[in-house]
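Assemble the complex: chain A is given as a structure, and chain B must be docked to it using the hints.
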Amino acid sequence: MEKASPRRLWSRWLAFLFIALIGLAVRLPQLGTRPMHTDEAVNAYIVGQLLAGEKYTYDPQDRHGPALATLALPLVRLQGARSFADLTESKLRLIPVVAGTITILLFGAAVDLFGLIPCMLAALLLAVAPLPVYYDRYFIHESLFCAATIGLILSGWRAAKTRSVGYAALAGACAALMFACKETSVLHWFALAAAGFASWLLNPRHDRPAGRWRAAPPLSALGAFLALALLLFTGFGTNWKGLTTLAKVAPDALSRAAGQGHEKAFWYYGRLLTGGWSGGLLCALACIGFVLAIRKRDASAYRLLACYGLFIAIIYSSIPYKTPWLALNLWLPLALLAAKATESVWHWIATTLGPRAAYPLPGALAVIAAVLIAHDTRQRVFLHAADEANPYAYAHTTEDILGLEAEIHDLAHKSGIARPRIAVIASDPWPLPWYLRQFDQVGFYQPGQQVPDADFYITSNEASQQYTDQLRDLRPDFFGVRPNVLILLWIPAPK
Amino acid sequence: MKILSRNYSLVPVLVVAAAAMAQDKVPLKTQLPKPLFVGTPVPLNVPNLEPPLKGKRPDFMIPAGSVNLAKGKKVTASDENPVVGTLDLVTDGDKAGDEGSWVELGPGKQWLQIDLGKSANIYAVLLWHFHSQARVYRDVVAQVSDDASFKSGVTTIFNNDFKNEVGAGPGKDQNYVETYQGKLIDAKGAKGRYVRFYSNGNTTNKLNDYIEVEVWGKPA
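So the protein lines, in turn, are chains A and B. Here full-length UniProt numbering is used: position 112 in the first sequence is 112, and no number is missing along the way. Here full-length UniProt numbering is used: position 173 in the second sequence is 173, and no number is missing along the way.
Looking at chain A on its own, in the form it has when it is part of the complex (with noise of 0.2 Å):
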């Protein structure tokens, strides 16, 4: 690795600052618009409960690990919330617009391994593309797993072959993040070591790294690791019983990746990647550059990546289980090998047609390509970022929900109620106690429970005809919730 002068590496850090700060422009406006994905309300409701003081309890049934609510938590106390109440959907989704503004600063740290003008490229692509933009808006814990996923690849690499402790440190901690935030990690860690097997194959001379083998990285990696890990499941020391959660992660892992209801094409993938009016012609250069990182006949970081993206694009697409922002992770792999692609094809360009081709040519091409990435960008992320047509917003809430906190509003103050007493009966409640969530006596119950009295009864389709008695002198206003998905607020029949 060369070292690069003290004036050059701050250039090239003001350079990488600089696209961050696109990408965070970008990411910032409208932040609240959209409506609650049920998957963000779960994380939300999650800081909601750390912030009223409740220990966390790590459970993997749909809620991941407690990277995204650890680090949410003390974002949102700067931000002056204090109570679930106080959170909104803008405080919530600042965790993932910071980590992904993180991601794309990491590739300045990335010069050494991929080039400057790849991982430039390759970090204006992360800053303005429409799928990374659009679920580093999304309070999940993709974009925080993206950030750590980099991190690990950067810092294992450098620790791989300098034999550096720290680096080495670094690369476990990343690997512990990535395992709090997702438990499919292991899924990411399989692919990069069979990456690295690989293009240890793949290079004939089987290049070594300088110096004798120690055991202080492996295991300064493996320390971190454990340290960060214990720290984050445990709820930094206050609640063991994850630990033994965790160990009966696997099964429900298993029984999630065949798919539960989320079961989609092998294809599924490359189809979200390729459409739009930009999507072809990105995956096309990541194609490209691909067969590149992997003819050339050396050992470069760009022919353990093409592996690793080649590998985790057919794990991800093989298991049934599907949803469209785990797709978030095969854009780093795709937007480094389209970059890598993008500097060799101007470089074909310069050298068949000459220096006078050089830039109009490249100028006019790029110019088309930041038309149609703007254009996805805008369609996706801001015109129509709820609705069913955007194959981003996968089982989205519907705008239409966004009415219900002030319809019961409205309903109890002309009926002079002023804490009104609400009963939830559905048996996935999910956004909803996100949107009642201003509310301080809001029931949830399950269908064929007892429901006590309330001022107001929202019940699913499926429970309403359980609770007849109760809901005779109401009649129903219908919400929806998501793509075919309704749900009843029961309210004064007209008399």
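Derived from the structure by calculation, the hints contain no laboratory data. Values in this document were obtained by computation on a predicted structure and should not be read as measured data. Just so you know, even glycine gets a beta-carbon here, dropped at the ideal spot from N, CA and C. Treat the hints with care, as some may be off.
[To be verified] Straight-line alpha carbon distances no greater than 25 Å define the calculated DSS-like cross-link-like pairs of lysine-lysine that follow:
| # | chain 1 | residue 1 | chain 2 | residue 2 |
| --- | --- | --- | --- | --- |
| 1 | B | K25 | A | K414 |
| 2 | B | K74 | B | K25 |
| 3 | A | K296 | A | K55 |
| 4 | B | K163 | A | K414 |
| 5 | A | K414 | B | K109 |
[Unchecked claim] Which stretches of chain A does chain B cover? Using the computed rule of at least three CB atoms under 8 Å from a CB of chain B, they are:
| # | region |
| --- | --- |
| 6 | 306 to 316 |
| 7 | 388 to 402 |
Same frame as chain A, but now just chain B:
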């Protein structure tokens, strides 16, 4: 005994009269589109909520000779520049519900009106807002009038706008979930040249969609 025998002699007369009346009425026959969403509506037996149809709708009787007066007729709307599609899609006979078969009026309260050409006695209206997913359209009001501006001689044939958002008075009809079978409204022979429909967004978004409207009746 005499009274009894006289009553018995009335029975065949009544039977013949009922049969004649029944012959005047025929089931409304319309071509239904293919169902687009597979989720089976949950059977509901709750007061104030229209239960979803189990299977096909029972025959609805209309006077013999009634036709769909709306087919190909001129449509106007409060939103002159629909978000999606054109107004003529509402009376073009295509109820498929696929993309390209509906017109989408802007957000909030909107109305759509069909000019039947001349005054008619209307017995049934079939209305398809959207049927590729379970949706409820809010504040649905259907009215008939001979006045194109609906300022006079207005007969309301359906109104589930119980909060009176549209301003046609609080409605007492029930909410319903859209399906491929459309919403059948019993117009009870209301007379008028124009049929107007109001809505106020739906449970998915604030927009107002119309796939098709059929107005079954006879020229007055």
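Cross-check of the supplied hints:
| no. | hint | in the structure |
| --- | --- | --- |
| 1 | B:K25 x A:K414 | 48 Å, violated |
| 2 | B:K74 x B:K25 | 28 Å, violated |
| 3 | A:K296 x A:K55 | 52 Å, violated |
| 4 | B:K163 x A:K414 | 13 Å, holds |
| 5 | A:K414 x B:K109 | 23 Å, holds |
| 6 | 306 to 316 | violated (count 0) |
| 7 | 388 to 402 | holds (count 4) |
Consistency note: the structure conflicts with the earlier hints numbered 1, 2, 3 and 6.
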